[in-house]
Amino acid sequence: MKNRLLGVFSKAFNIANVDETISQRNCEKWDSLNHINLVVEIENEFDISIEPEEFDEMKDFRSIEKIVLSKLNN
Amino acid sequence: MEYFIFRNSTIENIFGNNNVSYSGYNEIQSFDAGANVYVWLYLLPIANDKASLLLEIESYFERIQLVSKQIPSNSLFLLFTLQEIQGLKYQHNDFSVTKAISNFNNNITNFALEHDNVKAIDISEFTRNYNNIQLIDWKYYFTSKMILNPRLASPFASWFYKQLEKIQFIRKKCLVLDLDNTIWGGILAEDGIEGIKIGGDYPGNAFLNFQQNLIELTKIGVILAVCSKNNEQDVLDAWEKNPYIILKKEHFAAYRINWNNKAENIKELALELNIGLESMVFVDDNPAERELVKQLLPAVEVPDFPAHPYLLPPFFSSLLQNYFSVYALTEEDKRKTEQYRANQQRVNEKQNFSDFSSYLKSLETEINIEKASKFNIQRIAQLTQKTNQFNLTSKRYNEVDIQKLIADNDFVYCISAKDKFGDSGISGALIIKKTTATEVEIDSLLLSCRILGKNIEFAFVNKMLGELKKQGITKVSASYLPSPKNMQVSDFYEKLGFQLLEENEALKSYILDLQNTDLKETEHIKIQIQ
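Protein chains in written order, with our numbering: chain A, 1 to 74; chain B, 1 to 530.
Chain A on its own, in the form it takes in the complex (with noise of 0.2 Å):
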């Protein structure tokens, strides 16, 4: 699940290296408008749906991983 989630960052951002300290403090790349094409990729990978209420909370690897499992697991 961790390395699936990691292949959905490096996919949405563009980017090739990617482990689970990303964050929106530490990669250029991640913005308003990458943020959504991580969202879409996070929602066709694991076929889930995030709610716009979540949109904010995702600020780094952790907390997007926390999000997935928690629906994952429903």
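Simulated from the structure, these hints should not be mistaken for laboratory data.
Do not rely on the hints blindly, as some may be mistaken.
[As the list claims (entries may be wrong)] Here are the simulated DSS-like cross-link-like pairs (lysine-lysine), alpha carbons at most 30 Å apart as the crow flies:
#, chain 1, residue 1, chain 2, residue 2
1, B, Lys139, B, Lys172
2, B, Lys145, A, Lys66
3, B, Lys470, A, Lys2
4, B, Lys139, A, Lys71
5, B, Lys374, B, Lys434
6, A, Lys29, B, Lys470
7, B, Lys433, A, Lys11
8, B, Lys395, B, Lys463
9, B, Lys463, B, Lys404
10, B, Lys526, B, Lys470
11, B, Lys139, A, Lys59
12, B, Lys219, A, Lys71
13, B, Lys162, B, Lys197
14, A, Lys66, B, Lys139
15, B, Lys241, B, Lys395
[Unchecked claim] Simulated restraints on C-beta separations:
#, chain 1, residue 1, chain 2, residue 2, range
16, B, Asn36, A, Asn17, 54 to 62 Å
17, A, Asn73, B, Ser59, 21 to 29 Å
18, B, Lys99, A, Ala16, 49 to 57 Å
Beta carbons: idealized from backbone N, C-alpha and C, even for Gly.
Given chain A's structure and the hints, the job is docking chain B onto it.
Using the frame of chain A, we list chain B on its own:
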């Protein structure tokens, strides 16, 4: 390629930020003036208030017209049609929004027909592959103002670039054709109406096939025109009398059959047909003519001509693919040839080519003048027999006649010419008879038409006159004997500065006072005398 997109919703996710910039939402005031391609991609806005939606849609076309006036007219301007993706109908018999959309679409498609750089793209070609639940995702509309579902971003982008490929292939309008050795084999002026190769066996059948294909081109709205160095009457006769020529006068919207330089003729054709040079393609078997047009009219497309008639079918197919392939065929396209013919106006104004001399320079022409000898007498005799057009007196000689002239101490010279495209071989002759110790008469002067149009004729004659002057000759007499085919040289001696003594239907006679004549050297041509 730099794109600038006028938009009313978030579409950055579709096109990204590399080489693409975007207007503000609904904004047309500021835009990047340096883009190659401008795109109008407005998606039907989401609105509850129908009256304001109608006003909004109505305003789009006006905005497009404003934008069109401000962007560079040589930049492509692509307009997306509008389509109703989501709409609430409170009244089933209310078609006002549908009508407004279809008005807009009509307006922009007409606008595209009127402006060469404007193209309309039918967005329904994309959206028809999806239903309206797939097309919009309200979550992204409300959070990010995306009207098109971001999941469709990448299929939309690839569909768009495919459309762009088809469109940028901007179709040419007019194919300008040479005649001799281009749409038939052989040279009309030399081989005659019956002698040119068209139909029947090879190579005539290959040229016939080419003509058939060209006729098909006229049916998809391509205008054909002729630009040929010939006597107009000869060609008109051939069209009328040779039954194997199927590409006739009526297939051509305009023609220039004369001895002017072809770049000038093509410019006139463009004026007459009222089309831009950039929408013309010129086909000629002669590389020197192609080079002239390429240099003087860089906007005109000039493809290489195949080396063998049997290669005409693939040549035609490349013409079709590269210049005339159609992404949309309208009724108007089909009527175009007729229209252009109807609108035909002879434009008599001659254009001067300020840089004709730089063309001549680029040819690197060299001419070589030789005294008649046993190695070239046969060819000289043959030239006097065959040369019709550039032939001042049309006197015909056989080998024995030429030998006699040499024995009588007359001057018999021949000329060969070469340029960067190749060597013409012996292609002209000059016969000068001595009348007294200090006076001569030009008996014959002829040049094959394949070396004409490069000022070789002037260089040749002036050089020879210079030689005569050195030998103490003071007076040169000359005459022009009109024939059905040599009108083009009726004023050749005038151009050289000869004085006209007498003129009647059968003869123009001239004299040149060599002692008091400054002989000009012709620029850009190297001359050798052997």
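Cross-check of the supplied hints:
Pair hint Lys139(B) plus Lys172(B) does not hold up; C-alpha atoms about 46 Å apart against a cutoff of 30 Å. For the hint linking Lys145(B) to Lys66(A), the alpha-carbon distance of about 27 Å falls within 30 Å, and the restraint holds. A threshold of 30 Å between alpha carbons decides the hint, and for Lys470(B) with Lys2(A) the separation of about 99 Å lies outside it, so the pair is violated. Note on Lys139(B) and Lys71(A): the hinted pairing holds, with a Cα-Cα distance of about 17 Å set against a maximum of 30 Å.
The suggested pairing of Lys374(B) with Lys434(B) holds, with an alpha-carbon distance near 21 Å, which does not exceed 30 Å. Under the criterion of a C-alpha separation no larger than 30 Å, the hint pairing Lys29(A) with Lys470(B) is inconsistent with the structure, at around 84 Å. Between Lys433(B) and Lys11(A) the CA atoms are separated by roughly 89 Å; this puts the pair beyond 30 Å, and the hint is violated. For the hint pairing Lys395(B) with Lys463(B), the CA-to-CA distance comes to about 23 Å; that is within 30 Å, so the pair holds.
As the CA atoms of Lys463(B) and Lys404(B) are separated by approximately 25 Å, the hinted pair is consistent with the 30 Å bound. Our distance criterion of 30 Å between C-alpha atoms is met by Lys526(B) and Lys470(B), whose separation comes to about 19 Å. For the proposed pair Lys139(B) and Lys59(A), the alpha carbon gap of about 19 Å is at most 30 Å, so the pair holds. As the CA atoms of Lys219(B) and Lys71(A) are separated by approximately 62 Å, the hinted pair breaks the 30 Å bound.
Among the hinted pairs, Lys162(B) with Lys197(B) is inconsistent with the structure: their alpha-carbon atoms are about 43 Å apart, more than 30 Å. About 21 Å separates the Cα atoms of Lys66(A) and Lys139(B), which keeps this hinted pair within 30 Å; it holds. Taken as a hint, the Lys241(B) and Lys395(B) pair is honoured in the structure, with Cα atoms around 28 Å apart against an allowance of 30 Å. A hinted range of 54 to 62 Å for the beta carbons of Asn36(B) and Asn17(A) is inconsistent with their spacing of about 34 Å.
Roughly 51 Å separates the CB atoms of Asn73(A) and Ser59(B), a value that falls outside the hinted 21 to 29 Å. Under the hint 49 to 57 Å, the C-beta atoms of Lys99(B) and Ala16(A), about 52 Å apart, fit the expected range.
Hints 1, 3, 6, 7, 12, 13, 16 and 17 from the list above are not met by this structure, while the remaining hints are.
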